[in-house]
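The residues making up each chain are set out below.
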Amino acid sequence: MASRRPDFSHRGAQRRRGAAIVSTIVLMLFARVADAQVAPEWAVKASFLYKFAPFVTWPADAFGGSDGPFAICVVGDDPFGAVLDQAVMGQSIGGRPIVVRRMAKADRTAPCPVLYAGGGAAQVKETLQVVDGAPILTVTDGAGPTGVVDFVVEDGQVHFRLDDDAAARNGLVISSKLLGLAVSVNRRKAAP
Amino acid sequence: MRRLLDALTQWRPVLVAASVAAFVGLSLFVAAYGERQYEALATASANAQARVLAETVTAALSFDDRQALRELVRALEANTEVDAVGVYDERGRLAASYERGPPSSEFSQALTRKAAPGRIVVTTPVAQAGQRLGTVYLRYRSEPALRRASRYVGPVLLVVMALLMFSVMTLDARALGRTNRSLKTQMAERQKAEAALRQSQKMEAIGRLTGGIAHDFNNMLAIVLGSLDLLNRRYADADPKMLRLIQQAMEGGKRAAALTARLLAFSRLQPLKPSSADIGKAVVEMTELLRRTLDESVAIEAVTIGGLWRAHIDLPQLETAIVNLAINARDAMPGGGKLTIESANAFLDRVYADQDGEVTPGPYIMVSVSDTGTGIAPEILDQVFEPFFTTKPTGMGTGLGLSQVHGFIKQSGGHVRIHSAVGVGTTVKLYLPRSLAEAGPTVLSAIGPEGGVRRGITVLLVEDEAGVREFAAEALSDLGFDVLAAEGAARALDLLDRSPEVGLLLTDVVMPEANGRDLADEALRRRPDLRVVFMTGYTQDAIVHHGVVDPGARLVTKPFTLATLSAELDAALAG
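So the protein lines, in turn, are chains A and B.
The first sequence begins at 0 in numbering that gives the first Met the number 0 and counts up by one.
The second sequence begins at 0 in numbering that gives the first Met the number 0 and counts up by one.
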């Protein structure tokens with residue numbers, strides 16, 4: 000994994016700058032086309048939301064056991080729209096169907112194993128504060144404070160950073176395989 | 000144990016074939032087992048490898064991190080046994096692959112297509128927390144031919160060794176069997192040869208014995224007969240009664256002489272004078288003689304072929320032999336029958352000769368004498384040639400007839416064969432040696448005695464035995480010779496030196512000091528014009544080799560009559 004980083008910092012940055020110029024021009028000319036360009040990135044992020052689940056272990060007693068559908072909650076502004084619904088369609092986690100719940104405000108007690116904190120930095124911060132310590136895999140998108148998972152887009156590809164320390168606070172265990180794939184990891188502090 | 004061995008011998012080919020089949024089968028089984036074992040091992044190894052890969056690629060596959068996938072997949076390059084690896088996502092699309100060697104299109108259908116035979120291919124699901132994420136496909140390198148072959152070297156060597164061993168064993172057993180058979184044949188042949196040798200040794204021993212007796216008898220008979228002869232001549236005007244007694248005594252003596260002659264014949268010690276003889280003619284003449292001699296009830300038939308070879312044989316002895324056989328035939332046919340004398344050319348080949356150790360292969364003149372009589376029992380057939388063996392009542396036969404035949408024919412270099420079937424008849428076949436000399440004119444010089452006339456020739460008589468010497472001296476004197484007598488060679492040479500009038504040397508052959516032959520040689524050295532006549536009753540001596548007289552030697556056979564002595568001396572003086 001580490002070997003990929005230098006590659007990105009040199010040529011990747013240049014290419015991104017070029018891509019930005021081109022996309023600005025294209026944006027101005029064909030707004031709809033620009034829309035379509037953004038969409039794949041969000042589709043990937045949407046699929047990631049449920050793909051994290053197999054690599055994360057929730058406490059056994061979280062949300063009163065594992066009955067019922069597996070909920071992916073989107074708090075605040077929803078950047079996914081229908082893309083997320085399409086992504087989870089037909090998917091299941093451990094035999095539990097996946098449902099998407101959208102809510103304006105975070106609810107600590109709501110059964111949300113995976114929670115996407117949307118909106119601006121202030122809103123994200125508030126959401127994270129509400130659910131802090133709850134067995135919830137919080138996902139942020141690089142705006143201000145970061146959750147357990149934080150999406151980053153590098154070289155046109157969706158990657159993520161992991162905050163294992165935050166996960167530990169939430170009582171979650173993240174598989175080392177997932178940790179290995181992250182762009183960066185905030186290691187959990189050793190137990191006092 | 001023996002039965003087991005026999006069974007083994009009988010079933011050997013089957014046993015060998017079964018053993019070879021078993022070995023081949025076992026080897027194939029071992030090879031197949033090894034192959035399966037290897038495949039199972041390789042499959043287990045491939046499965047383990049695939050599972051390890053499936054575990055490691057979960058996250059990268061799930062989050063579609065192509066670069067991480069490629070690195071993880073390429074990590075398998077270190078395992079030289081891995082030939083190709085493919086990682087597919089949950090929808091079956093190829094996410095990453097690695098292939099040793101030239102790239103192929105196999106990954107597109109790898110998951111659905113069955114693996115080619117001999118290749119080890121495994122697929123393992125990629126899952127995380129029970130969530131199916133994709134599939135790992137892994138192909139093991141097909142084993143190099145050399146390595147594969149090396150696993151078969153053991154069984155193949157085993158089979159080859161076993162086959163070699165079995166073939167060697169089989170060949171060995173075959174050779175052993177052959178050797179055994181040939182050994183058995185040799186043993187049988189040897190037994191036969193030994194029996195023949197024993198028989199011939201027995202005959203020889205008996206012959207030696209009878210020969211020795213006959214020799215001594217001959218000397219005595221010579222004295223008796225000679226003396227009677229002289230008595231008869233000197234007192235021709237004596238009382239006729241006395242003369243008749245002398246005549247009777249001489250008859251008895253002659254019969255005794257005939258008997259000893261036959262004994263000598265059997266002993267093969269009788270001096271033979273073989274010459275080229277026309278057997279066909281002789282047989283015809285014999286037939287006439289036999290017709291007169293034998294009973295009317297016996298029909299005689301002589302059968303001969305044209306172009307019959309001449310035989311090298313002593314004809315008078317052959318005639319005696321045929322008469323002997325004819326007499327036996329007559330005695331075997333008391334109620335009458337048919338006597339057939341057949342003569343033909345015969346060639347005894349090596350096969351025939353090998354059956355009888357005493358026969359030399361070559362051309363022979365065969366004379367067979369067959370009767371339609373009672374025949375001879377097989378158990379005594381071997382004994383009939385032995386002297387004094389007779390089936391006739393005591394006093395009826397001497398048991399010397401067939402002995403004479405046997406001894407004479409053998410001595411002549413011929414061969415006798417007897418075939419007989421009880422109730423059918425007997426055939427005796429004589430094989431006489433062929434003469435290669437052309438028929439010559441027979442010179443017969445019959446010289447009668449010239450009693451009472453002095454010849455003016457001095458004979459030096461040498462004889463170690465006094466009786467014979469005295470009789471011979473008297474006889475010579477009666478024949479008109481002047482006689483000087485010596486008992487040995489030294490005395491004889493002394494007399495010869497002192498008596499230039501000696502014109503003829505009459506010497507015995509077998510004497511204690513120098514033998515007659517050496518004496519004659521020495522005498523001839525001193526007096527080259529000297530005439531020499533030998534006297535002998537015995538053939539195994541210096542003059543007669545193997546019963547055949549040296550060419551040119553004059554010989555008087557003891558016992559002799561005045562007539563024969565006179566004839567030989569006259570012949571010597573004339574030659």
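By construction, these hints were calculated from the structure, which means they are not laboratory data.
Among these hints, one or two may not hold up.
Claimed, not checked - Residues from chain B that face chain A, not an exhaustive set, calculated with beta carbons under 8 Å: (1) Q9; (2) W10; (3) A58; (4) A59; (5) Q130; (6) Q247; (7) E250.
As the list claims (entries may be wrong) - Pairwise CB distance ranges (calculated): (8) B:G100 / A:P96: 43 to 51 Å; (9) A:G155 / B:R50: 32 to 40 Å; (10) B:R65 / A:G89: 30 to 38 Å; (11) A:R95 / B:R65: 40 to 48 Å; (12) B:R92 / A:R95: 44 to 52 Å; (13) B:G100 / A:G119: 52 to 60 Å.
Claimed, not checked - Residues on chain A that point at chain B, a partial pick, calculated with CB under 7 Å: (14) P96; (15) A103; (16) K104; (17) V172; (18) L177.
Fair warning: this is a prediction, and the values are worked out from it, not measured in the lab.
We put the beta carbon where it would ideally sit given N, CA and C, even for glycine.
Residue hint A59 of chain B, partner chain A, criterion CB-CB below 8 Å: With a closest approach of 6 Å, the A59 of chain B hint holds.
Taking 8 Å as the limit, does the beta-carbon of E250 of chain B come near enough to a beta-carbon in chain A? The hint is violated - E250 of chain B has no Cβ within 8 Å of chain A, the shortest such distance being about 148 Å.
Taking the beta carbons of G155 of chain A and R50 of chain B, is their distance inside 32 to 40 Å? Given a distance of about 33 Å, which is inside 32 to 40 Å, the answer is holds.
Check the following: the C-beta atoms of G100 of chain B and G119 of chain A are separated by a distance inside 52 to 60 Å. 55 Å, holds
Holds or violated: the hint that A58 of chain B contacts chain A, with Cβ atoms closer than 8 Å. Since chain A brings a Cβ to about 4 Å from A58 of chain B, closer than 8 Å, the hint holds.
Once the shortest beta carbon distance from A103 of chain A to chain B is found, is it less than 7 Å? With Cβ-Cβ at 29 Å, over 7 Å, it is violated.
Restraint outcome when W10 of chain B is required to lie within 8 Å of chain A by C-beta distance: 71 Å, violated
Is 30 to 38 Å respected by the C-beta to C-beta distance linking R65 of chain B and G89 of chain A? Violated, since R65 of chain B and G89 of chain A (Cβ atoms, about 24 Å apart) do not stay within the stated range.
Identify whether the interface hint at Q9 of chain B stands, where standing means a beta carbon of chain A within less than 8 Å of its own. 76 Å, violated
Do the numbers back the hint for Q247 of chain B, that is, is its least Cβ distance to chain A under 8 Å? 152 Å, violated
Min Cβ distance, Q130 of chain B to chain A: is it shorter than 8 Å? 4 Å, holds
Per the hint of 44 to 52 Å, is the separation of the Cβ atoms of R92 of chain B and R95 of chain A within bounds? 26 Å, violated
The structure fails to meet hints 1, 2, 6, 7, 10, 11, 12, 14, 15, 16, 17 from the earlier list, while all remaining hints are met.
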